[in-house]
Structure formats: C-alpha cells, structure tokens
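J.: Listed here are the chains, written in short residue letters.
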Amino acid sequence: MSAPSPLVSGVLLGAASAFAALAVVVLYRVLRGPTMQDRVIAVNVIGSNTVVILALVAAALGEPMYLDVALVYALLNFLMSIAISKFTVERGGVI
Amino acid sequence: MTPAEIAVVLLVAAGTFFAVVAAVGVIRLPDLYTRTHAASKSDTLGAVLTLGAVAITFGGEITAVKTVFLLLFMFVTNPTAAHAIARAAYDQGIEPWTADDSGGEPE
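The listed protein sequences derive, respectively, from chains F and U.
The numbers in the numbering used here rise by one with no breaks, and the one at position 41 of the first sequence is 41.
The numbers in the numbering used here rise by one with no breaks, and the one at position 18 of the second sequence is 18.
Treat the hints as calculated values from the structure; they're not laboratory data.
The reader is advised that the hints may include incorrect statements.
What the hints assert, rightly or not - Here chain U is said to cover these stretches of chain F; the calculated rule only asks that three of the stretch's residues, wherever they fall, bring their Cβ under 8 Å from a Cβ of chain U:
no.	segment
1	12-24
2	27-39
3	49-59
Here the structure is a predicted model, which is why all the values come from computation and not from measurement.
Ideal Cβ placement from N, Cα and C applies to all residues, glycine included.
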C-alpha cells in the first residue's frame, strides 16, 4: 500500500517516538529491581512497547513487511516471560 | 479530514495515554504485585488501542487482518505473561506490600 496522508503518518510517528521514550523510562525499573520478577515485568512492558512501535512505523511508512517482524517479536516476548516464570519455580506448573 | 483519519488520531491518543499510565505505574507503585497490575491492564489497553489505529490506517487490505491478529494475540498473551510471573513470585515467597509496611514509601 502507499503511505497515508502526511497528517496521519506524522501522528503515527509521533506516537511511535512517545512509546520509545516510555520504554526508556521503564528501563529505570529494569535497572533498579529490586527483585528479578520486577525486572522481567519491566522488560515485558518494553517488549510490548517495541511491538507497538514496529506496527506504528509499518503503518506510517506504508511498509506492511514490518508487521511480520512485530508478530515474531510479540511471540518471543511472550515466550521469554513464560520461560522465566517457569524456570524460577522448583517444580510444577505456573499457568 | 475523513472519519477514518479522525478515528486513527483519537485511538492513537488514547493508546498513548494508557501507555503513559502503565509506565507511571511500573515506576511508582510500591511492590511487584501492584506493578504487575499496571503492566498487565494499562499496557495491554494502550497496545490494543494503538494497534486498532494501525489496522484502520491499513484499511481494507489483508494487512489489516494481520494487524487484528496481532492485536488479539497481544490481548491474550500480555495479561497471561504478567499473571505467570506474579504467580511464580508468589510461589517463591515474595510477600505482598501492605499499608502497615514502612510508612508507605515505595522502593
């Protein structure tokens, strides 16, 4: 598809930069902790922000291929959280 | 402006607002379980609203269907991941924060 009108693509790119700034802010919680699960939650928030940024850039530039990258990144993000929560308990299921 | 463009701008504004709420919650709330609450609900709503705006931008193409699938996937997996992490933390014995603790000052 072609790129949307300049107004819409400007709004989408502005939202993408706002999401990027929020990801940098959430990085404070990754550094600060205090527990390992706090860091995992914060990394999960950063990952979902990244998925949204990829989708926004795909829409703003009219590049649908970026959506595939966003889909794979969302899958990996979910798998990371589940794997870490699974391996930090001794035995048994978490979900 | 066409009605679709107005809807895109409104959805993006609402999604960014909820993402800001989620970031403030993750930074400011006092313990792991309250932070999980902010991360699962506000962040999911922000992502879903913004992806809805992206789907409207792509219009009636097959790419919009792909975006809706991504939206539904985020809607299911984001709270599931937060729930799994909170439950793992509870199994490990991390105590929830209560109002009696230490004057209410977050760490």
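J.: Run every hint past the structure and note whether it holds.
T.: Against the structure, the hints come out as follows:
1. 12-24: holds (count 5)
2. 27-39: Coverage by chain U holds here, the residue count being 7 at a Cβ distance below 8 Å.
3. 49-59: With 7 residues close enough to chain U, the hint holds.
Every hint from the earlier list agrees with this structure, and none is contradicted.
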